[in-house]
Amino acid sequence: MADSQSKEASGGVLTGLMSGIVGGGIKVVDLTMTLQPDVPTIVMPPEFGQSWPFRMEEISKYDHRGPFCYWNNLSCGEHTGTHFDAPIHWVSGKDLPENATDTIPVEKFLAHACVVDCSDAAANDPDYLLTIENIEEWEAAHGKIPARSWLLMRTDWSRKADPVAYMNMADDGAHTPGPHEDLIPWLIEERDVIGFGCEAVGTDAGQAQHFNIPYPCHYHMHGNNRFGLPALTNLDALPPQGAILITPPLKIRQGSGSPTRVLALVEQ
Amino acid sequence: MTTPLPPPKRKDPVKRTRQPTLPPANRSREAQGLTAMAAVGRFALQTCTACGAVQYPPRQICGQCLNDDLPWQDVSPHGLLLAETVLHHSNDLFFRDRLPWRLGVVSMNAGPSVVAHVAEDCRQGERVRLSLGLDRSGMAVMQARPETPSANEEDDGQLRETTFDPKDRRVLIVDGKTDLGLALAKAFGAAGAREIYLGHAEPWKRSPKLAAAEALPNVNLFPLDVTDTDSVQELASLLGGKTEILVNNSYYLRQGGAVDRFDLNTSRDEMDVHYHGLLRLAGTFGPAMRGRGADGAHGATAWVNVFSPYAWVNNPAFGTYSASQAAALSLAQCLRAEMTAGGVRVVNAFVGPLDDEWHQLVPPPKLEPDMVARRIVDALKDGREDVPIGAIAEEMAARLAENPKELEREIRL
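Line by line, the protein sequences are chains C and A.
First residue of the first sequence? That's 56 in the working numbering, and the numbers climb one at a time after it.
First residue of the second sequence? That's 838 in the working numbering, and the numbers climb one at a time after it.
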């Protein structure tokens, strides 16, 4: 009895969801950048190991190599383009349970999103850092961040089509916006977020190697079994609260992340 | 004075581009010894160890005493032009396209008399200087030049069939972000190149060298990443039909061997830049350049690869790098054979350690990029195809000829 009731209930929810998607009440927004060879990957000193950029070699295109089909071989690092950072990516998350792309419980790939618009501040200051105070102001206007939500930092950075402007490298490193180092522990302890997402090439600010704890977003988020979602696009199409993100990475054995087609469901 | 070659005019789009043809290429195994000497810019002939007679044409046994020990030795290139004639008719397609053609007989100071191609400024009965050039088929030919170099000698139409003078030509330098890329841009500019195209990858990584090169006259930057097939194809579609000299100076050097640094990622990156990078360039720029090998006096002429001498023998301190260089060298031999069909020469420069950040811990001697670039341009003007540059490369070449096993045992940082 209870079983059939719950089935009916969930069937009703899913039916409603689908009719919303088909009927236009729920919009599906693509938050993903196109994978192509000139997508920049994060810059590491040249003596370190390097992440492969996205590369594509045609296997056949209805020709002598394969008359019936068009397909390609791909290569890239796990952290290329719009991608999912798993906790095992960082040394702080290396020993946690269920910390890799193949072991993370799949329900965690569906979560609510809070979108903080920092586009004006980032336009004025490429090194802009999102602080606790900024979030408190945002909450005063849009409500408290629910537990298990993504905190997404909208900067409109993904609109920079030129990779030079997008990476914004100077001789002292990259200058791109990101979270303040105090914000991340607060988001975890006080708001229990599922992860942090942004539009720049990584979840940490361009200058984050110089913070007290280098790369604090990676260090704290992954050390607490939370996720990262960098290089998002179209965050301007999301409401401050209420969107649902779909973020499943490829099921790579002990994967530290993977390029991900990130979709948002937005009620119209 | 040789008649100066006028700068190229813009092409008449109605005219069909002249198709490449090749001079006769059949040579005996002994005669290929001349090719080997010409390839490295030596003027050497077989010399009998028994009677000392200098031999020409190359042969198996001495023409005077029948001794069969005839090592190649450098000899005097000077002689007297005994007779000259001008060819006004030929049934050979290559020469038909290039008539009239001057030929002559030179009595060499070293002994033999040789039939040679004769430059414009040489006169019958006067002394001349011989050189060995490689013709469009890649085979050695004797050339008579005036005893003392004359003005504009490099503009002589017959000599130009065996040289790759950058003057008034358009040059693509594949990697503009390295010290050598900048030095090459300067050197080709100084040699009178009409346009210099500088490739550069990963534009978000700043490069002071590229910025300096961009400020040079006649230099234009183009995105080019030899690890990206699309990028290479795209640039070939833009520049393939204009590039008359291509310089592949792709460079990805990391220290380490197979056991001491077992790292597939780095070795794959090295192969992708050096071997697959050359393959991508070959497959895209190769056909366009080969098709323009006979396109007037300024057609496509040379493809330069900048290699390490560790392509010959592996230096275990740069073990996987050396292996990727060897793979690229092998591919360059394939490319050379394929490009010869269009009369475009593949020139391999073997450059010893450069004085750059990747050779910081390598003890001297290390090479200044400007010197290397000048030597590459000189080799093109001279028409050489194998060009060791610097003391290390030159010594390795000599030791390889003598005892490759010794070099394999001794080579290290």
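If you are wondering where the hints come from, they were derived from the structure by calculation, not from laboratory data.
A few of these clues could be false.
Claimed, not checked - Quick partial rundown of chain A residues pointing at chain C, CB under 10 angstroms, derived from the structure:
no.	residue
1	Phe880
2	Pro1040
3	Pro1045
4	Asp1067
5	Glu1194
To be verified - DSSO-like mimics (lysine-lysine), calculated; alpha carbons at most 27 angstroms apart, straight line:
no.	chain 1	residue 1	chain 2	residue 2
6	C	Lys306	C	Lys149
7	A	Lys1042	C	Lys215
8	A	Lys1203	A	Lys1023
9	C	Lys149	C	Lys82
10	A	Lys1046	C	Lys215
11	A	Lys1203	A	Lys848
To be verified - In silico negatives: residues of chain C with every beta carbon more than 10 angstroms from chain A:
no.	residue
12	Thr89
13	Gln105
14	Asp118
15	Trp145
16	Asn154
17	Thr158
18	Thr288
Cβ coordinates follow ideal geometry from the N, Cα and C atoms, glycine included.
Hints, verified against the model:
| no. | hint | result |
| --- | --- | --- |
| 1 | Phe880 | 44 angstroms, violated |
| 2 | Pro1040 | 5 angstroms, holds |
| 3 | Pro1045 | 9 angstroms, holds |
| 4 | Asp1067 | 5 angstroms, holds |
| 5 | Glu1194 | 9 angstroms, holds |
| 6 | Lys306/C / Lys149/C | 18 angstroms, holds |
| 7 | Lys1042/A / Lys215/C | 16 angstroms, holds |
| 8 | Lys1203/A / Lys1023/A | 20 angstroms, holds |
| 9 | Lys149/C / Lys82/C | 37 angstroms, violated |
| 10 | Lys1046/A / Lys215/C | 25 angstroms, holds |
| 11 | Lys1203/A / Lys848/A | 44 angstroms, violated |
| 12 | Thr89 | 13 angstroms, holds |
| 13 | Gln105 | 7 angstroms, violated |
| 14 | Asp118 | 15 angstroms, holds |
| 15 | Trp145 | 19 angstroms, holds |
| 16 | Asn154 | 23 angstroms, holds |
| 17 | Thr158 | 24 angstroms, holds |
| 18 | Thr288 | 18 angstroms, holds |
In summary, the structure is inconsistent with hints 1, 9, 11, 13 from the numbered list given earlier, while agreeing with the others.
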